[in-house]
Amino acid sequence: MKALGLIAQDRVELVEPPTPPVDQGLVGIKTLRTGICATDREIISSGFVRPPPGEAYIILGHEMLGEVVEVGQGVSNFSRGDLVVGTVRRGCGKCLSCLNQRSDMCFTGEFKERGVRGLHGYGSEYAVEKPEHLVKVPAELRDVAVLTEPLSISVKAVETALTVQERLKFDGKYPPHAKVLIAGHGPIGTLAAFILSLRDFELYVTGIMEESDAQVQLLKKLGAQYITNRGTHLKDCATELGGFFIIIEAIGHSPIAYELENYLGYNGVLVQTGITLGSSEIHLDSDKAMFRRVDKNQVIVGMVNSNIHHFRKAVGYLKEFKEKYGNLLNQVITHRYPLKDFRQALSNEEKNRVKIVIDFLS
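If you read the sequence shown in my numbering, its first letter stands for residue 73, the second for the next number, and so on.
Read the hints as simulated data drawn from the structure, not as lab findings. Source: prediction; values computed, not measured. Incorrect hints may appear among the rest.
Claimed, not checked - Straight-line C-alpha distance at most 16 Å; calculated EDC-like pairs for lysine to aspartate or glutamate: (1) Lys423 - Glu282; (2) Lys241 - Asp272; (3) Lys394 - Asp215; (4) Lys184 - Glu127; (5) Lys102 - Glu139; (6) Lys292 - Glu282; (7) Lys360 - Glu331; (8) Lys394 - Glu212; (9) Lys74 - Asp431; (10) Lys245 - Glu274; (11) Lys166 - Glu182; (12) Lys74 - Glu85; (13) Lys423 - Asp285; (14) Lys423 - Glu283; (15) Lys102 - Asp431; (16) Lys396 - Glu212; (17) Lys102 - Glu142; (18) Lys202 - Glu139; (19) Lys385 - Glu231; (20) Lys292 - Glu274; (21) Lys245 - Asp272; (22) Lys208 - Glu142; (23) Lys102 - Asp154; (24) Lys74 - Glu197; (25) Lys202 - Glu142; (26) Lys307 - Glu331; (27) Lys208 - Glu139; (28) Lys293 - Glu274; (29) Lys360 - Glu333; (30) Lys74 - Glu88; (31) Lys202 - Asp154; (32) Lys202 - Glu185; (33) Lys307 - Glu333.
Unchecked claim - Just the calculated beta-carbon pair ranges, DEER-fashion: (34) Arg152 - Pro89: 19 to 25 Å; (35) Arg113 - Glu392: 28 to 34 Å; (36) Ala128 - Lys245: 51 to 57 Å; (37) Gly153 - Asp95: 17 to 23 Å; (38) His305 - Val366: 25 to 31 Å; (39) Asn172 - Glu421: 37 to 43 Å; (40) Val141 - Val366: 54 to 60 Å.
Note that the Cβ used here is the ideal one computed from N, Cα and C, for glycine as well.
Construct the entire structure; sequences and hints are all you get.
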């Protein structure tokens, strides 16, 4: 079988590992699609290659849609023909979180992740997986189900923010006209906008695109107002609005992530989702920053990864988005490539890109 193997820094090749057997208790999956994201690019460009023990490379791909083609002995909850998505992280098997299906909150740091850390990913023509790491997808979601993994991250980001803001519910409701800002219009930010469009918030999105760009028009169809992050537009808007109740950072650029703290309102929460492997410095007035957080009851929280519960919620949201917005969700997938064109997929830097997908059947 063919697979996307990361061998060394900036070196991805089509490798041909042996097809893994479907042993007892496992499910054999034909890969239909994998998604490419910033994590893949960071791993490739940084040279931070962490293959499985004894292996010379790691197979990339942590976003996937597959079809069950073989079921091992003892597996009763999956059948041939089922569409499935696989989760990413495998817990340490020791801590309370990992022992309760919450490996995204591992206490030891001894987890592994498919296509990222210590485990081969789904970027191969065929994969095997344990049933407990798979989620079924209805056939009617086949065209968008590859978005499940990034949507699961958005689900967790929104869930994290709302959990913090439970402190501010009155009669079971959040304050009226609470203002939410999503910073970034890539997959995580755009999908978070889809989620929050279903709630009674004033929704804003900020980024560097122009008002006329297709992705900005998509966001506006969700009811979001767009604020360009050029010049002082965002600062001026935050001042005029009195700050934001929730900010979700989905940019992955640390100077901006710190800048966003300035735009929180009283009792606001900032959720950071971006991971940066570089080195950047900013000037920070620590007294003002500390005073602002304490004086305004502000919370800043980072979050990473997701667990199977978020994946299941993500599939539910995909159904809801389809029902409310029709094919609008399909516009999140902006570029599709056959496997043979994987280099183009990995190097695509077009400004209008959101989700890039590699189609294994093309």
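Which of the stated hints cannot be reconciled with the structure, identified by number in ascending sequence? The structure conflicts with no hint, since it agrees with every one listed earlier.
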